[in-house]
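Undergrad: Sequence:
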Amino acid sequence: MRLLFIVCLSTLLLSADIQQEDLTKQAIVKIYTVSKVPNYQEPWNSSMRRSTGSGAIIEGDRILTNAHVVANHTFIEVERYGQRKRYIAKVISVSHQADLALLKVEDKTFFSNVKPLTFGSLPNIEQKIVVYGYPMGGSTLSATIGVVSRIEHHRYAHSGEAFLAIQVDAAVNPGNSGGPALSDGKIVGVVMQVIQKSQNIGYLVPVSMVRHFLEDMKDGKYDGFADLGLTTQNMENPTLRHYYHLDENTTGKLVDDIVYNSSLKGVLQEGDILIAIDGHKIENDGTVAFRAHEYTDFNYYVDKHQMYESIKLDIVRDRKKISVDANLSHTADDILLVKTIQYDRMPTYFIEGGYVFSPLSRNLLLSTNRNRLTLSYFASQWPTEKKKEVVVLLKVLASDMSRGNNSFAMWPIEKINGETFTDFQTFFQKIEDFQGQYIVLEDKDGVKVVIDKKEAQEKQSGILKKYNIEFDKSIDLRKSK
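Quick note on numbering: my numbering labels position 30 of the sequence shown as 1007, and the sequence is numbered without any gaps.
It should be emphasised that the hints constitute simulated quantities derived from the structure, not laboratory data. A quick note: this is a predicted structure, and the numbers were derived from the prediction, not measured. Don't be surprised by glycine CBs; every beta carbon is placed ideally from N, CA and C. Hints are supplied without guarantee of correctness; some may be wrong.
Unchecked claim - List time: in silico PhoX-like cross-link candidates among lysine-lysine, alpha-carbon distance up to 20 Å: (1) 1067 to 1013; (2) 1430 to 1392; (3) 1450 to 1013; (4) 1081 to 1062; (5) 1062 to 1242.
To be verified - Label-pair ranges, simulated between beta-carbon atoms: (6) 1442 to 1024: 55 to 65 Å; (7) 1116 to 1453: 31 to 41 Å; (8) 1431 to 1173: 47 to 57 Å; (9) 1213 to 1304: 29 to 39 Å; (10) 1375 to 1213: 48 to 58 Å; (11) 1197 to 1219: 47 to 57 Å.
Between the sequences and the hints, there should be enough to build the whole structure, so can you do that?
TA: Have a look at this one:
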(Lines of atoms letter the chains of each structure in order from A and count residues from 1; the text may use other names and numbers.)
(Lines give C-alpha, C1' and ligand atoms only; values in the text may rest on other atoms or scores of the structure.)
Protein backbone atom coordinates (compact mmCIF):
# COMPACT_ATOMS: atom_id res chain seq x y z
CA MET A 1 0.00 0.00 0.00
CA ARG A 2 2.83 2.37 0.91
CA LEU A 3 4.55 1.60 -2.42
CA LEU A 4 1.31 2.30 -4.27
CA PHE A 5 0.99 5.65 -2.43
CA ILE A 6 4.55 6.67 -3.37
CA VAL A 7 3.97 5.71 -7.01
CA CYS A 8 0.70 7.71 -7.11
CA LEU A 9 2.38 10.73 -5.49
CA SER A 10 5.27 10.58 -7.97
CA THR A 11 2.78 10.39 -10.84
CA LEU A 12 0.93 13.45 -9.55
CA LEU A 13 4.18 15.43 -9.21
CA LEU A 14 5.28 14.42 -12.71
CA SER A 15 1.89 15.43 -14.08
CA ALA A 16 2.17 18.82 -12.34
CA ASP A 17 5.66 19.35 -13.81
CA ILE A 18 4.42 18.51 -17.32
CA GLN A 19 1.46 20.86 -16.92
CA GLN A 20 3.75 23.69 -15.75
CA GLU A 21 6.15 23.06 -18.62
CA ASP A 22 3.28 23.23 -21.10
CA LEU A 23 2.11 26.54 -19.59
CA THR A 24 5.63 27.88 -19.98
CA LYS A 25 5.79 26.87 -23.63
CA GLN A 26 2.47 28.62 -24.28
CA ALA A 27 4.18 31.94 -23.48
CA ILE A 28 7.06 31.47 -25.96
CA VAL A 29 6.72 33.40 -29.22
CA LYS A 30 8.37 33.20 -32.63
CA ILE A 31 8.99 36.60 -34.23
CA TYR A 32 9.14 37.23 -37.98
CA THR A 33 10.77 40.54 -38.93
CA VAL A 34 11.10 42.37 -42.22
CA SER A 35 13.66 45.13 -41.88
CA LYS A 36 15.06 47.96 -43.94
CA VAL A 37 18.85 47.83 -43.78
CA PRO A 38 20.56 51.18 -44.48
CA ASN A 39 23.60 51.35 -46.76
CA TYR A 40 26.00 53.76 -45.07
CA GLN A 41 28.31 53.89 -48.10
CA GLU A 42 25.34 54.85 -50.28
CA PRO A 43 23.13 56.56 -47.69
CA TRP A 44 20.26 57.10 -50.14
CA ASN A 45 19.95 53.32 -50.58
CA SER A 46 18.73 50.45 -48.41
CA SER A 47 17.94 46.76 -48.76
CA MET A 48 15.26 44.48 -47.35
CA ARG A 49 16.02 41.58 -45.01
CA ARG A 50 13.88 38.87 -43.45
CA SER A 51 14.82 37.28 -40.15
CA THR A 52 13.32 35.40 -37.23
CA GLY A 53 13.80 35.57 -33.51
CA SER A 54 12.17 34.56 -30.24
CA GLY A 55 10.32 36.25 -27.43
CA ALA A 56 8.27 35.70 -24.29
CA ILE A 57 4.84 36.93 -23.24
CA ILE A 58 5.04 38.90 -19.98
CA GLU A 59 2.58 40.84 -17.85
CA GLY A 60 0.49 43.50 -19.57
CA ASP A 61 0.00 41.59 -22.83
CA ARG A 62 3.53 42.45 -23.89
CA ILE A 63 6.22 40.44 -25.67
CA LEU A 64 9.80 40.75 -24.39
CA THR A 65 12.57 40.22 -26.94
CA ASN A 66 15.91 41.62 -28.13
CA ALA A 67 16.21 45.01 -29.77
CA HIS A 68 18.32 43.47 -32.53
CA VAL A 69 15.47 41.09 -33.43
CA VAL A 70 13.32 44.07 -34.47
CA ALA A 71 15.95 46.71 -35.31
CA ASN A 72 15.23 48.74 -38.47
CA HIS A 73 11.91 46.89 -38.77
CA THR A 74 9.24 47.69 -41.34
CA PHE A 75 6.88 44.80 -40.57
CA ILE A 76 6.62 42.33 -37.67
CA GLU A 77 4.55 39.20 -37.18
CA VAL A 78 4.43 36.88 -34.17
CA GLU A 79 3.31 33.30 -33.70
CA ARG A 80 2.63 31.45 -30.45
CA TYR A 81 3.86 28.00 -29.56
CA GLY A 82 1.58 25.28 -30.90
CA GLN A 83 -0.25 27.60 -33.28
CA ARG A 84 0.20 28.30 -36.97
CA LYS A 85 -1.51 31.69 -37.20
CA ARG A 86 0.64 34.79 -37.36
CA TYR A 87 -0.45 38.09 -35.80
CA ILE A 88 0.78 41.57 -36.68
CA ALA A 89 2.85 43.15 -33.91
CA LYS A 90 4.41 46.55 -33.31
CA VAL A 91 7.29 47.82 -31.18
CA ILE A 92 6.11 49.86 -28.21
CA SER A 93 9.50 50.48 -26.59
CA VAL A 94 13.10 49.65 -27.30
CA SER A 95 16.52 49.93 -25.65
CA HIS A 96 19.24 49.51 -28.22
CA GLN A 97 21.72 50.08 -25.38
CA ALA A 98 20.57 47.01 -23.47
CA ASP A 99 19.40 45.08 -26.56
CA LEU A 100 15.83 44.82 -25.26
CA ALA A 101 12.45 45.55 -26.81
CA LEU A 102 8.75 45.23 -26.01
CA LEU A 103 6.14 44.31 -28.62
CA LYS A 104 2.38 44.66 -28.61
CA VAL A 105 -0.31 42.78 -30.55
CA GLU A 106 -3.58 44.66 -31.06
CA ASP A 107 -5.61 41.46 -31.60
CA LYS A 108 -6.34 40.34 -28.02
CA THR A 109 -7.09 36.76 -29.10
CA PHE A 110 -3.35 36.29 -29.45
CA PHE A 111 -3.05 36.37 -25.64
CA SER A 112 -6.03 34.15 -24.84
CA ASN A 113 -5.44 31.22 -22.48
CA VAL A 114 -1.80 32.11 -21.89
CA LYS A 115 -0.13 32.66 -18.53
CA PRO A 116 2.53 35.40 -18.75
CA LEU A 117 6.02 34.50 -17.59
CA THR A 118 7.32 36.22 -14.47
CA PHE A 119 10.80 37.31 -13.45
CA GLY A 120 13.19 35.67 -11.05
CA SER A 121 16.38 37.04 -9.50
CA LEU A 122 19.94 37.18 -10.76
CA PRO A 123 21.05 33.52 -10.88
CA ASN A 124 24.09 32.03 -9.17
CA ILE A 125 27.09 30.42 -10.81
CA GLU A 126 26.33 26.78 -11.74
CA GLN A 127 22.59 27.40 -11.44
CA LYS A 128 20.59 25.35 -13.95
CA ILE A 129 18.75 27.25 -16.70
CA VAL A 130 16.55 26.28 -19.65
CA VAL A 131 16.72 28.36 -22.85
CA TYR A 132 13.61 28.46 -25.01
CA GLY A 133 13.39 29.75 -28.57
CA TYR A 134 13.26 29.05 -32.26
CA PRO A 135 16.86 28.60 -33.43
CA MET A 136 18.07 27.58 -36.85
CA GLY A 137 17.82 23.90 -37.76
CA GLY A 138 14.06 23.59 -37.47
CA SER A 139 10.79 25.49 -37.25
CA THR A 140 9.39 24.25 -33.93
CA LEU A 141 10.16 25.28 -30.38
CA SER A 142 13.57 24.31 -29.03
CA ALA A 143 14.64 23.92 -25.41
CA THR A 144 18.26 23.56 -24.33
CA ILE A 145 19.54 23.01 -20.81
CA GLY A 146 22.70 24.42 -19.29
CA VAL A 147 24.17 26.22 -16.33
CA VAL A 148 25.33 29.73 -15.57
CA SER A 149 29.08 29.81 -16.25
CA ARG A 150 29.94 33.34 -15.12
CA ILE A 151 28.45 36.78 -14.56
CA GLU A 152 30.45 39.91 -15.35
CA HIS A 153 30.49 42.97 -17.59
CA HIS A 154 30.65 42.16 -21.28
CA ARG A 155 30.36 44.23 -24.45
CA TYR A 156 26.92 43.94 -26.01
CA ALA A 157 27.38 43.34 -29.74
CA HIS A 158 24.21 45.27 -30.66
CA SER A 159 25.13 48.58 -29.02
CA GLY A 160 28.87 48.26 -28.46
CA GLU A 161 28.38 49.32 -24.82
CA ALA A 162 29.46 47.20 -21.85
CA PHE A 163 26.92 46.03 -19.27
CA LEU A 164 26.43 43.09 -16.91
CA ALA A 165 25.92 39.83 -18.83
CA ILE A 166 25.32 36.20 -17.95
CA GLN A 167 27.46 33.60 -19.71
CA VAL A 168 25.79 30.20 -20.14
CA ASP A 169 26.82 26.89 -21.67
CA ALA A 170 23.34 26.04 -23.02
CA ALA A 171 23.35 25.76 -26.82
CA VAL A 172 22.41 29.13 -28.32
CA ASN A 173 22.12 29.68 -32.07
CA PRO A 174 20.76 32.27 -34.53
CA GLY A 175 17.01 32.46 -34.01
CA ASN A 176 17.33 31.98 -30.22
CA SER A 177 17.81 35.73 -29.85
CA GLY A 178 15.15 37.30 -27.64
CA GLY A 179 14.10 33.97 -26.13
CA PRO A 180 13.88 33.64 -22.35
CA ALA A 181 16.27 31.72 -20.13
CA LEU A 182 14.29 30.25 -17.23
CA SER A 183 15.27 28.95 -13.83
CA ASP A 184 12.57 27.44 -11.61
CA GLY A 185 10.06 28.56 -14.23
CA LYS A 186 10.99 32.27 -14.04
CA ILE A 187 12.89 34.50 -16.45
CA VAL A 188 16.45 35.16 -15.29
CA GLY A 189 17.77 36.46 -18.62
CA VAL A 190 17.12 37.05 -22.31
CA VAL A 191 19.32 35.38 -24.95
CA MET A 192 21.30 38.00 -26.89
CA GLN A 193 24.54 36.71 -28.46
CA VAL A 194 27.15 33.98 -28.81
CA ILE A 195 30.88 33.90 -29.39
CA GLN A 196 31.33 32.46 -32.86
CA LYS A 197 33.57 29.40 -33.24
CA SER A 198 33.37 28.83 -29.48
CA GLN A 199 32.28 25.76 -27.54
CA ASN A 200 28.79 26.70 -26.30
CA ILE A 201 29.53 30.20 -25.00
CA GLY A 202 26.33 32.21 -25.08
CA TYR A 203 25.28 35.40 -23.31
CA LEU A 204 22.07 36.60 -21.71
CA VAL A 205 20.84 40.06 -20.85
CA PRO A 206 20.41 39.54 -17.08
CA VAL A 207 17.08 40.02 -15.37
CA SER A 208 18.46 43.05 -13.51
CA MET A 209 18.92 44.85 -16.84
CA VAL A 210 15.43 43.80 -17.93
CA ARG A 211 13.89 45.17 -14.73
CA HIS A 212 15.75 48.47 -15.21
CA PHE A 213 14.38 48.73 -18.76
CA LEU A 214 10.80 47.98 -17.69
CA GLU A 215 11.00 50.48 -14.83
CA ASP A 216 12.43 53.10 -17.17
CA MET A 217 9.53 52.62 -19.59
CA LYS A 218 6.76 53.08 -17.01
CA ASP A 219 6.33 56.72 -18.02
CA GLY A 220 6.24 55.77 -21.71
CA LYS A 221 9.62 57.39 -22.42
CA TYR A 222 12.98 55.65 -22.70
CA ASP A 223 15.74 57.50 -20.86
CA GLY A 224 18.45 54.85 -20.97
CA PHE A 225 21.48 53.85 -18.94
CA ALA A 226 23.69 56.61 -17.63
CA ASP A 227 27.35 57.24 -18.46
CA LEU A 228 29.61 59.14 -16.05
CA GLY A 229 31.64 60.71 -18.85
CA LEU A 230 34.98 59.86 -17.27
CA THR A 231 38.25 58.38 -18.42
CA THR A 232 39.70 56.39 -15.53
CA GLN A 233 42.83 54.38 -14.89
CA ASN A 234 43.47 51.30 -12.76
CA MET A 235 45.63 51.79 -9.68
CA GLU A 236 47.39 48.41 -9.57
CA ASN A 237 50.86 49.81 -10.26
CA PRO A 238 52.71 50.31 -6.92
CA THR A 239 54.68 53.30 -8.16
CA LEU A 240 51.50 55.07 -9.28
CA ARG A 241 49.96 54.37 -5.88
CA HIS A 242 53.02 55.76 -4.08
CA TYR A 243 52.90 58.86 -6.28
CA TYR A 244 49.36 59.55 -5.08
CA HIS A 245 50.27 58.64 -1.47
CA LEU A 246 47.78 55.79 -1.14
CA ASP A 247 48.11 53.40 1.81
CA GLU A 248 47.71 49.65 1.41
CA ASN A 249 44.05 49.70 2.50
CA THR A 250 42.93 52.35 0.02
CA THR A 251 42.02 51.16 -3.45
CA GLY A 252 40.28 52.77 -6.41
CA LYS A 253 40.49 54.25 -9.91
CA LEU A 254 42.31 57.40 -10.98
CA VAL A 255 40.25 60.03 -12.82
CA ASP A 256 42.27 60.98 -15.92
CA ASP A 257 39.76 63.11 -17.84
CA ILE A 258 36.18 64.40 -17.64
CA VAL A 259 34.19 65.22 -20.76
CA TYR A 260 33.21 68.90 -20.94
CA ASN A 261 29.43 68.27 -20.72
CA SER A 262 29.49 65.50 -18.10
CA SER A 263 27.27 66.03 -15.05
CA LEU A 264 30.42 65.27 -13.02
CA LYS A 265 32.26 68.28 -14.44
CA GLY A 266 32.94 70.53 -11.46
CA VAL A 267 32.06 67.72 -9.06
CA LEU A 268 35.14 65.60 -9.76
CA GLN A 269 38.59 66.77 -10.80
CA GLU A 270 41.40 65.23 -12.80
CA GLY A 271 43.64 63.45 -10.31
CA ASP A 272 40.79 62.46 -7.99
CA ILE A 273 40.75 58.80 -7.01
CA LEU A 274 37.38 57.06 -6.92
CA ILE A 275 37.45 54.71 -3.94
CA ALA A 276 33.75 53.82 -3.52
CA ILE A 277 30.45 54.15 -5.35
CA ASP A 278 27.22 54.20 -3.34
CA GLY A 279 29.26 52.86 -0.42
CA HIS A 280 30.71 49.93 -2.39
CA LYS A 281 34.49 49.70 -2.42
CA ILE A 282 36.21 50.03 -5.81
CA GLU A 283 39.22 47.73 -6.20
CA ASN A 284 42.49 48.74 -7.88
CA ASP A 285 41.48 46.88 -11.04
CA GLY A 286 38.26 48.91 -11.29
CA THR A 287 35.92 46.19 -10.11
CA VAL A 288 33.34 46.08 -7.32
CA ALA A 289 31.80 43.17 -5.43
CA PHE A 290 28.16 42.72 -6.46
CA ARG A 291 27.84 39.53 -4.40
CA ALA A 292 30.16 37.70 -2.01
CA HIS A 293 33.33 36.72 -3.90
CA GLU A 294 31.91 37.93 -7.25
CA TYR A 295 33.25 41.05 -8.95
CA THR A 296 32.46 43.09 -12.03
CA ASP A 297 33.10 46.58 -13.44
CA PHE A 298 32.37 49.45 -11.03
CA ASN A 299 29.78 50.81 -13.47
CA TYR A 300 27.52 48.02 -12.19
CA TYR A 301 26.35 50.43 -9.49
CA VAL A 302 25.86 53.21 -12.04
CA ASP A 303 23.68 50.90 -14.15
CA LYS A 304 21.48 50.11 -11.15
CA HIS A 305 20.32 53.73 -11.13
CA GLN A 306 17.70 55.26 -13.40
CA MET A 307 18.59 58.40 -15.31
CA TYR A 308 18.39 61.67 -13.35
CA GLU A 309 18.92 59.95 -10.02
CA SER A 310 21.79 60.93 -7.72
CA ILE A 311 24.84 58.79 -7.07
CA LYS A 312 27.29 58.99 -4.16
CA LEU A 313 31.01 58.86 -4.85
CA ASP A 314 33.78 58.57 -2.26
CA ILE A 315 37.06 60.02 -3.48
CA VAL A 316 40.56 60.88 -2.39
CA ARG A 317 41.56 64.43 -3.34
CA ASP A 318 44.84 65.98 -2.19
CA ARG A 319 45.31 63.05 0.24
CA LYS A 320 41.89 63.71 1.89
CA LYS A 321 38.87 61.42 1.71
CA ILE A 322 35.64 63.21 0.85
CA SER A 323 32.20 62.28 -0.48
CA VAL A 324 30.37 63.97 -3.35
CA ASP A 325 26.97 63.54 -4.95
CA ALA A 326 26.40 63.67 -8.69
CA ASN A 327 23.31 63.59 -10.86
CA LEU A 328 23.10 61.05 -13.70
CA SER A 329 21.94 63.08 -16.67
CA HIS A 330 23.78 61.76 -19.74
CA THR A 331 23.93 58.57 -21.78
CA ALA A 332 26.95 57.53 -23.84
CA ASP A 333 25.49 59.19 -26.95
CA ASP A 334 25.38 62.53 -25.15
CA ILE A 335 29.11 62.48 -24.39
CA LEU A 336 30.79 60.78 -27.35
CA LEU A 337 32.41 62.47 -30.32
CA VAL A 338 31.31 59.54 -32.52
CA LYS A 339 27.88 58.29 -31.46
CA THR A 340 27.12 54.67 -30.64
CA ILE A 341 25.69 52.33 -33.28
CA GLN A 342 22.36 53.72 -34.53
CA TYR A 343 19.18 51.88 -35.54
CA ASP A 344 15.67 52.65 -36.77
CA ARG A 345 16.80 55.61 -38.84
CA MET A 346 18.34 56.29 -42.21
CA PRO A 347 21.84 57.84 -42.46
CA THR A 348 22.23 61.61 -42.61
CA TYR A 349 23.88 62.97 -45.77
CA PHE A 350 23.82 65.73 -48.35
CA ILE A 351 25.34 66.10 -51.81
CA GLU A 352 26.91 69.22 -53.31
CA GLY A 353 27.86 68.85 -56.97
CA GLY A 354 28.51 65.12 -56.58
CA TYR A 355 30.50 65.51 -53.34
CA VAL A 356 28.75 63.41 -50.68
CA PHE A 357 29.04 64.50 -47.02
CA SER A 358 28.00 62.65 -43.86
CA PRO A 359 28.63 62.80 -40.10
CA LEU A 360 31.06 60.15 -38.90
CA SER A 361 29.14 57.39 -37.10
CA ARG A 362 30.09 53.95 -35.85
CA ASN A 363 27.75 52.50 -38.45
CA LEU A 364 29.78 54.26 -41.12
CA LEU A 365 33.07 53.08 -39.58
CA LEU A 366 31.88 49.49 -39.57
CA SER A 367 30.76 49.69 -43.21
CA THR A 368 34.26 50.02 -44.69
CA ASN A 369 37.99 49.64 -44.01
CA ARG A 370 38.76 52.85 -45.90
CA ASN A 371 40.88 55.23 -43.78
CA ARG A 372 39.96 53.13 -40.76
CA LEU A 373 43.07 53.97 -38.70
CA THR A 374 42.54 57.74 -38.84
CA LEU A 375 38.80 57.61 -38.31
CA SER A 376 38.98 55.07 -35.47
CA TYR A 377 41.03 57.61 -33.53
CA PHE A 378 38.05 59.97 -33.51
CA ALA A 379 35.86 57.17 -32.14
CA SER A 380 38.04 57.06 -29.03
CA GLN A 381 37.88 60.80 -28.34
CA TRP A 382 35.63 63.00 -26.22
CA PRO A 383 33.84 65.93 -27.87
CA THR A 384 34.73 69.49 -26.92
CA GLU A 385 32.69 72.68 -26.95
CA LYS A 386 34.29 73.54 -30.29
CA LYS A 387 34.15 70.04 -31.82
CA LYS A 388 31.04 67.99 -31.13
CA GLU A 389 30.92 65.92 -34.32
CA VAL A 390 33.21 64.79 -37.14
CA VAL A 391 32.19 65.40 -40.77
CA VAL A 392 33.58 63.30 -43.62
CA LEU A 393 33.61 63.61 -47.38
CA LEU A 394 32.05 60.19 -47.80
CA LYS A 395 32.74 59.81 -51.52
CA VAL A 396 32.86 61.71 -54.80
CA LEU A 397 30.43 60.88 -57.60
CA ALA A 398 32.64 61.08 -60.68
CA SER A 399 31.83 63.83 -63.16
CA ASP A 400 33.67 66.39 -65.28
CA MET A 401 33.70 68.87 -62.39
CA SER A 402 35.28 66.44 -59.90
CA ARG A 403 38.14 65.10 -62.04
CA GLY A 404 41.23 64.48 -59.92
CA ASN A 405 39.19 64.26 -56.71
CA ASN A 406 37.47 60.95 -57.32
CA SER A 407 39.83 59.10 -54.98
CA PHE A 408 38.69 61.13 -51.94
CA ALA A 409 36.60 58.92 -49.65
CA MET A 410 35.99 58.76 -45.90
CA TRP A 411 38.01 61.97 -45.69
CA PRO A 412 37.62 63.92 -42.40
CA ILE A 413 37.10 67.65 -42.86
CA GLU A 414 38.61 70.09 -40.37
CA LYS A 415 37.78 73.48 -41.90
CA ILE A 416 35.45 75.09 -44.39
CA ASN A 417 36.74 78.32 -45.97
CA GLY A 418 39.35 78.58 -43.24
CA GLU A 419 36.89 78.21 -40.35
CA THR A 420 36.29 75.29 -38.02
CA PHE A 421 32.76 74.10 -37.24
CA THR A 422 31.15 72.36 -34.28
CA ASP A 423 28.98 69.66 -35.89
CA PHE A 424 27.43 68.33 -39.09
CA GLN A 425 24.41 70.64 -38.93
CA THR A 426 26.69 73.69 -38.70
CA PHE A 427 28.79 72.41 -41.61
CA PHE A 428 25.67 71.81 -43.72
CA GLN A 429 24.35 75.29 -42.95
CA LYS A 430 27.65 76.90 -43.94
CA ILE A 431 27.47 75.18 -47.34
CA GLU A 432 23.83 76.18 -47.78
CA ASP A 433 24.40 79.82 -46.81
CA PHE A 434 27.67 80.35 -48.72
CA GLN A 435 27.31 83.12 -51.31
CA GLY A 436 30.83 83.16 -52.76
CA GLN A 437 32.29 81.21 -55.69
CA TYR A 438 34.64 78.65 -54.12
CA ILE A 439 33.95 76.36 -51.18
CA VAL A 440 37.34 75.34 -49.78
CA LEU A 441 37.43 72.22 -47.60
CA GLU A 442 40.54 71.36 -45.64
CA ASP A 443 41.74 68.48 -43.45
CA LYS A 444 44.06 68.75 -40.43
CA ASP A 445 47.14 68.44 -42.68
CA GLY A 446 46.05 71.30 -44.93
CA VAL A 447 45.03 69.12 -47.89
CA LYS A 448 42.27 70.93 -49.79
CA VAL A 449 39.21 70.11 -51.88
CA VAL A 450 37.72 73.08 -53.75
CA ILE A 451 34.16 73.17 -55.07
CA ASP A 452 32.82 75.83 -57.43
CA LYS A 453 29.39 76.38 -55.89
CA LYS A 454 27.76 77.88 -58.98
CA GLU A 455 28.99 75.01 -61.17
CA ALA A 456 27.92 72.50 -58.50
CA GLN A 457 24.39 73.88 -58.45
CA GLU A 458 24.14 73.91 -62.24
CA LYS A 459 25.30 70.29 -62.59
CA GLN A 460 23.72 68.82 -59.43
CA SER A 461 20.50 67.52 -60.99
CA GLY A 462 22.37 65.89 -63.90
CA ILE A 463 24.78 64.14 -61.54
CA LEU A 464 21.94 62.88 -59.34
CA LYS A 465 20.07 61.58 -62.38
CA LYS A 466 23.18 59.82 -63.70
CA TYR A 467 23.63 57.95 -60.41
CA ASN A 468 19.89 57.33 -59.96
CA ILE A 469 19.72 59.35 -56.72
CA GLU A 470 16.32 60.83 -55.96
CA PHE A 471 17.22 63.34 -53.23
CA ASP A 472 20.33 65.42 -52.68
CA LYS A 473 19.91 65.25 -48.89
CA SER A 474 18.53 62.88 -46.25
CA ILE A 475 14.99 63.18 -44.97
CA ASP A 476 16.01 64.73 -41.66
CA LEU A 477 17.72 67.62 -43.50
CA ARG A 478 14.77 68.01 -45.88
CA LYS A 479 12.41 68.26 -42.90
CA SER A 480 14.60 70.85 -41.16
CA LYS A 481 14.27 73.35 -44.01
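Undergrad: For each hint given before, does the structure comply? Return the numbers of the non-compliant ones in rising order.
TA: 5 and 6
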